[in-house]
Amino acid sequence: MASKSLHYQGNYTFSKTEKVHEISCINFFQYCNFFYPKYLNIVWGNDKRYWKLPKYEKDGAELMQVNWLEVTGCIDNINIAKKTSYNIEFTMSLMTDAFGWSGSPVYLMAKWGDNTQWRKVNLTTDINVNNKMKSKAITITKGKGNNTDKIYFGLYEVWNKKWKRGLKIHFVNLTET
1198 MASKSLHYQG
1208 NYTFSKTEKV
1218 HEISCINFFQ
1228 YCNFFYPKYL
1238 NIVWGNDKRY
1248 WKLPKYEKDG
1258 AELMQVNWLE
1268 VTGCIDNINI
1278 AKKTSYNIEF
1288 TMSLMTDAFG
1298 WSGSPVYLMA
1308 KWGDNTQWRK
1318 VNLTTDINVN
1328 NKMKSKAITI
1338 TKGKGNNTDK
1348 IYFGLYEVWN
1358 KKWKRGLKIH
1368 FVNLTET
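The numbering used here runs 1197 ahead of the 1-based position in the sequence shown.
Each hint should be verified, as a subset may be incorrect.
Said to hold, decoys possible - What follows is a list of derived Cβ distance ranges for each label pair:
#1 Asp1294 <-> Thr1338: 17 to 27 angstroms
#2 Asn1264 <-> Asp1346: 29 to 39 angstroms
#3 Lys1341 <-> Ser1299: 38 to 48 angstroms
#4 Thr1338 <-> Arg1246: 35 to 45 angstroms
#5 Thr1345 <-> Trp1315: 30 to 40 angstroms
#6 Thr1288 <-> Val1355: 29 to 39 angstroms
#7 Thr1293 <-> Gly1342: 39 to 49 angstroms
#8 Asn1208 <-> Asn1344: 16 to 26 angstroms
#9 Lys1317 <-> Asp1294: 36 to 46 angstroms
#10 Ser1282 <-> Asn1208: 24 to 34 angstroms
#11 Lys1252 <-> Asp1273: 18 to 28 angstroms
Claimed, not checked - Here are the simulated lysine-lysine pairs, DSSO-like style, with alpha carbons at most 30 angstroms apart:
#12 Lys1308 <-> Lys1358
#13 Lys1339 <-> Lys1235
#14 Lys1317 <-> Lys1245
#15 Lys1245 <-> Lys1339
#16 Lys1235 <-> Lys1331
#17 Lys1308 <-> Lys1329
#18 Lys1331 <-> Lys1255
#19 Lys1252 <-> Lys1339
#20 Lys1347 <-> Lys1255
#21 Lys1255 <-> Lys1235
#22 Lys1339 <-> Lys1359
#23 Lys1317 <-> Lys1358
#24 Lys1308 <-> Lys1359
#25 Lys1317 <-> Lys1255
#26 Lys1365 <-> Lys1317
#27 Lys1333 <-> Lys1252
#28 Lys1249 <-> Lys1359
#29 Lys1331 <-> Lys1317
#30 Lys1341 <-> Lys1255
Read the hints as simulated data drawn from the structure, not as lab findings. Just so we're clear, the structure is a prediction, and the values are computed from it rather than from any experiment. Backbone N, C-alpha and C fix where the C-beta goes; we use that ideal spot for every residue, glycine too.
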């Protein structure tokens, strides 16, 4: 008998002509693509003990409790060839009952071709309780090699093994630079 996967598989495949929640960013004159949690892959996301997944497309995903945080996505088959660099930011907040983040830095990652970037974020100092915060952006430039038509990105805390609770992921923002 087949068992249901405990990991949530997001729907992140887009056609080249489809715009993924693209809007003009105020004051920047750039185009932004917003990727909501329904588009993301969330380890342990299909288990209600660990994550509260969004009901509606634009709702956030709320971390109930895990000791392995891994949220990833892939921008695939959209027209990313026109530009050679993009900023990627996660918009998140901590709930009032959040715990386990002290001494547990979160790492953001972006990969495009053979180019990979990492950025460390300390949620206890970089984010306010119940207020949305944008992570520091990762600027990813187009690399060479395989998969130059895809940009991979992720949010990780897999090294500390402490139980964590109360992170809410609102969306990921991809901005042309």
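Hints, verified against the model:
no.: 1; hint: Asp1294 <-> Thr1338: 17 to 27 angstroms; in the structure: 39 angstroms, violated
no.: 2; hint: Asn1264 <-> Asp1346: 29 to 39 angstroms; in the structure: 35 angstroms, holds
no.: 3; hint: Lys1341 <-> Ser1299: 38 to 48 angstroms; in the structure: 40 angstroms, holds
no.: 4; hint: Thr1338 <-> Arg1246: 35 to 45 angstroms; in the structure: 40 angstroms, holds
no.: 5; hint: Thr1345 <-> Trp1315: 30 to 40 angstroms; in the structure: 19 angstroms, violated
no.: 6; hint: Thr1288 <-> Val1355: 29 to 39 angstroms; in the structure: 21 angstroms, violated
no.: 7; hint: Thr1293 <-> Gly1342: 39 to 49 angstroms; in the structure: 45 angstroms, holds
no.: 8; hint: Asn1208 <-> Asn1344: 16 to 26 angstroms; in the structure: 19 angstroms, holds
no.: 9; hint: Lys1317 <-> Asp1294: 36 to 46 angstroms; in the structure: 24 angstroms, violated
no.: 10; hint: Ser1282 <-> Asn1208: 24 to 34 angstroms; in the structure: 26 angstroms, holds
no.: 11; hint: Lys1252 <-> Asp1273: 18 to 28 angstroms; in the structure: 25 angstroms, holds
no.: 12; hint: Lys1308 <-> Lys1358; in the structure: 25 angstroms, holds
no.: 13; hint: Lys1339 <-> Lys1235; in the structure: 26 angstroms, holds
no.: 14; hint: Lys1317 <-> Lys1245; in the structure: 28 angstroms, holds
no.: 15; hint: Lys1245 <-> Lys1339; in the structure: 37 angstroms, violated
no.: 16; hint: Lys1235 <-> Lys1331; in the structure: 19 angstroms, holds
no.: 17; hint: Lys1308 <-> Lys1329; in the structure: 25 angstroms, holds
no.: 18; hint: Lys1331 <-> Lys1255; in the structure: 16 angstroms, holds
no.: 19; hint: Lys1252 <-> Lys1339; in the structure: 34 angstroms, violated
no.: 20; hint: Lys1347 <-> Lys1255; in the structure: 23 angstroms, holds
no.: 21; hint: Lys1255 <-> Lys1235; in the structure: 8 angstroms, holds
no.: 22; hint: Lys1339 <-> Lys1359; in the structure: 35 angstroms, violated
no.: 23; hint: Lys1317 <-> Lys1358; in the structure: 17 angstroms, holds
no.: 24; hint: Lys1308 <-> Lys1359; in the structure: 27 angstroms, holds
no.: 25; hint: Lys1317 <-> Lys1255; in the structure: 26 angstroms, holds
no.: 26; hint: Lys1365 <-> Lys1317; in the structure: 18 angstroms, holds
no.: 27; hint: Lys1333 <-> Lys1252; in the structure: 28 angstroms, holds
no.: 28; hint: Lys1249 <-> Lys1359; in the structure: 19 angstroms, holds
no.: 29; hint: Lys1331 <-> Lys1317; in the structure: 13 angstroms, holds
no.: 30; hint: Lys1341 <-> Lys1255; in the structure: 34 angstroms, violated
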